[in-house]
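Asker: Below, each chain spelled out in residue letters.
There are 2 protein chains.
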Amino acid sequence: MLWFTEYYKGEGMELQGTGLSMKVKSSKYLKTPYQELLLLETEDWGKVLVLDGAVQTTERDEFIYHEMISHPALFTFPRQVEKVLVIGGGDGGTVREVLKHQPKEVVMVEIDREVVEICKKEFPSISNGLGDERVKLTFGDGREFVKDKEAEFDLIIVDCSDPIGPSVVLYQEDFYRDCFKALKEDGIFVTQSESPFAQNRVHRQVVRELEKVFPIVRPYLVFIPTYPSGMWSFTIGSKKLDPLGVAPSALGKLYRELIEREGALKYYNPEVHYGAFAIPNFVYREE
Amino acid sequence: MLWFTEYYKGEGMELQGTGLSMKVKSSKYLKTPYQELLLLETEDWGKVLVLDGAVQTTERDEFIYHEMISHPALFTFPRQVEKVLVIGGGDGGTVREVLKHQPKEVVMVEIDREVVEICKKEFPSISNGLGDERVKLTFGDGREFVKDKEAEFDLIIVDCSDPIGPSVVLYQEDFYRDCFKALKEDGIFVTQSESPFAQNRVHRQVVRELEKVFPIVRPYLVFIPTYPSGMWSFTIGSKKLDPLGVAPSALGKLYRELIEREGALKYYNPEVHYGAFAIPNFVYREE
Numbered sequence: 031m032l033w034f035t036e037y038y039k040g041e042g043m044e045l046q047g048t049g050l051s052m053k054v055k056s057s058k059y060l061k062t063p064y065q066e067l068l069l070l071e072t073e074d075w076g077k078v079l080v081l082d083g084a085v086q087t088t089e090r091d092e093f094i095y096h097e098m099i100s101h102p103a104l105f106t107f108p109r110q111v112e113k114v115l116v117i118g119g120g121d122g123g124t125v126r127e128v129l130k131h132q133p134k135e136v137v138m139v140e141i142d143r144e145v146v147e148i149c150k151k152e153f154p155s156i157s158n159g160l161g162d163e164r165v166k167l168t169f170g171d172g173r174e175f176v177k178d179k180e181a182e183f184d185l186i187i188v189d190c191s192d193p194i195g196p197s198v199v200l201y202q203e204d205f206y207r208d209c210f211k212a213l214k215e216d217g218i219f220v221t222q223s224e225s226p227f228a229q230n231r232v233h234r235q236v237v238r239e240l241e242k243v244f245p246i247v248r249p250y251l252v253f254i255p256t257y258p259s260g261m262w263s264f265t266i267g268s269k270k271l272d273p274l275g276v277a278p279s280a281l282g283k284l285y286r287e288l289i290e291r292e293g294a295l296k297y298y299n300p301e302v303h304y305g306a307f308a309i310p311n312f313v314y315r316e317e
Numbered sequence: 031m032l033w034f035t036e037y038y039k040g041e042g043m044e045l046q047g048t049g050l051s052m053k054v055k056s057s058k059y060l061k062t063p064y065q066e067l068l069l070l071e072t073e074d075w076g077k078v079l080v081l082d083g084a085v086q087t088t089e090r091d092e093f094i095y096h097e098m099i100s101h102p103a104l105f106t107f108p109r110q111v112e113k114v115l116v117i118g119g120g121d122g123g124t125v126r127e128v129l130k131h132q133p134k135e136v137v138m139v140e141i142d143r144e145v146v147e148i149c150k151k152e153f154p155s156i157s158n159g160l161g162d163e164r165v166k167l168t169f170g171d172g173r174e175f176v177k178d179k180e181a182e183f184d185l186i187i188v189d190c191s192d193p194i195g196p197s198v199v200l201y202q203e204d205f206y207r208d209c210f211k212a213l214k215e216d217g218i219f220v221t222q223s224e225s226p227f228a229q230n231r232v233h234r235q236v237v238r239e240l241e242k243v244f245p246i247v248r249p250y251l252v253f254i255p256t257y258p259s260g261m262w263s264f265t266i267g268s269k270k271l272d273p274l275g276v277a278p279s280a281l282g283k284l285y286r287e288l289i290e291r292e293g294a295l296k297y298y299n300p301e302v303h304y305g306a307f308a309i310p311n312f313v314y315r316e317e
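If you read the protein sequences in the order shown, they are chains G and U. Residue 196 in this note's numbering sits at position 166 of the first sequence, with consecutive numbering throughout. Residue 280 in this note's numbering sits at position 250 of the second sequence, with consecutive numbering throughout.
Calculated directly from the structure, the hints in this document are not laboratory data. Here the structure is a predicted model, which is why all the values come from computation and not from measurement. Among the hints, erroneous ones may be present.
The list treats identical chains as interchangeable, and a pair is accepted whether it falls inside one copy or across any two copies.
Taking lysine to any residue pairs in the SDA-like style, the calculated list, with each CA pair at most 20 Å apart, reads [what the hints assert, rightly or not]:
(1) K151 - G161
(2) K53 - D74
(3) K53 - F34
(4) K39 - G49
(5) K296 - D74
(6) K296 - R234
(7) K242 - Y59
(8) K214 - A181
(9) K283 - R164
(10) K130 - F312
(11) K53 - W33
(12) K53 - G42
Model the full structure from these sequences, guided by the hints.
Answerer: As structure tokens, then:
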């Protein structure tokens, strides 16, 4: 009987004696130029991608992360979204969800080519959108990529790992400023923003840095069973459009159109759109 | 280095190869007449109570469970709540939260006297309400206790363990019918209703059984990091009052009055009150 345990650790992790264990049928280990990669076949979670010791993607619960990093921002637009930038997102799940909104172009900038290649082979149901002709896949540093962009994107999604290794720079104010500049005048930025329970200080710092840059900043919560504590967050930074300002009737119409065209979503719905922005008191308590 | 791992198992558990591990400083084991009890001192979670192998209560996250099993129902009453029945709830945390609404009387019926005695000694910050003069503590079978009650309680809270061992009968339609009868004409019932992710079938069955008995049935969700998958639910069954029908202005007023009198809550607030009832699609998907 083989078990994999992720012992929670790393920059900003407030749980230092806790771990999640999964029964494993088989495993494959390799080192990419950027990180350590472990591919597991598990009993409960299907195939699981682990980077630098942290579970990134499981076949069983990936729909939650990928729907919820994408749809709240995308459904906030009252108009057709044309050009979307995804930074990170090597498994392709975020691009899969973005494509459901029929953008003209999705640019994805992932630093680690090997992650994409493994996901194309091992997670076809997650990565299948990467072959779409509207998707421009670039390998490089997302931080550098946005630096010279101006008023180009409707939406920028930062689908990155924890603030260690290659992702550190994606948690900093300078990067958020460059993203602001790279967005159109009604553009929206969204980033994964860690666990408000297990990495409370990091989460709050992301929100604080975004508030220096964007006039509208809205953190929201989702259940991700295989991430530390299961309580996860994303944060939207927006120039004009407020995800909480969308009229329920307009959202309902857009939502019904999308699921008629693309099939059912498994997590996101209009009630979840509004409800996810309700934050328990302890997250922003005075310290 | 000592670690405790809860390997998820038992009636209705859909995760069969997953566990949560906690670093342990010391532990104490005993057998009560009803269950196996393990008391842990842990690095991250403070003291932890484990019954029949399942984590019940940790000092670090107990506030979430106890606030959220209590306040959504209690804040649904437009009037003073007079008499509350708590079934189970041996650690006393639910009673502590109920008392913040100044009821005249709280009856608690717990089957396992030893759990209460250990919690009084080991978890004083959780069990401190049990000594309040308004609290009538009875040891016995909650199922039997409600059978001959009629129109007596404003609110019945079922704070029980999983549907194995002594708690099985608390998941059945007959019990819900007796609770309906034991409630006043505008009474509310609330029960913990397992993880919609990890015990989806059990959760849905609780909701279905309650729908046979109560005209208004409202499941809602909370983040509980130390319970299987971290995604947990409670379900309200109500005769007349709808937790989603409370006017925001009225709720805001009641909430401010309570926190001025009792101090801040750590999880519940009016946004969370409404937001918790937003349920992701997969929970009630067609099978």
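Asker: Each hint should be assessed against the structure and marked as holding or not.
Answerer: Results for each hint:
no., hint, result
1, K151 - G161, "within (12 Å within a copy, 62 Å between copies)"
2, K53 - D74, "within (7 Å within a copy, 23 Å between copies)"
3, K53 - F34, "both (6 Å within a copy, 16 Å between copies)"
4, K39 - G49, "both (9 Å within a copy, 17 Å between copies)"
5, K296 - D74, "within (18 Å within a copy, 33 Å between copies)"
6, K296 - R234, "between (28 Å within a copy, 16 Å between copies)"
7, K242 - Y59, "neither (41 Å within a copy, 52 Å between copies)"
8, K214 - A181, "within (4 Å within a copy, 61 Å between copies)"
9, K283 - R164, "neither (25 Å within a copy, 51 Å between copies)"
10, K130 - F312, "between (35 Å within a copy, 18 Å between copies)"
11, K53 - W33, "both (4 Å within a copy, 17 Å between copies)"
12, K53 - G42, "between (27 Å within a copy, 18 Å between copies)"
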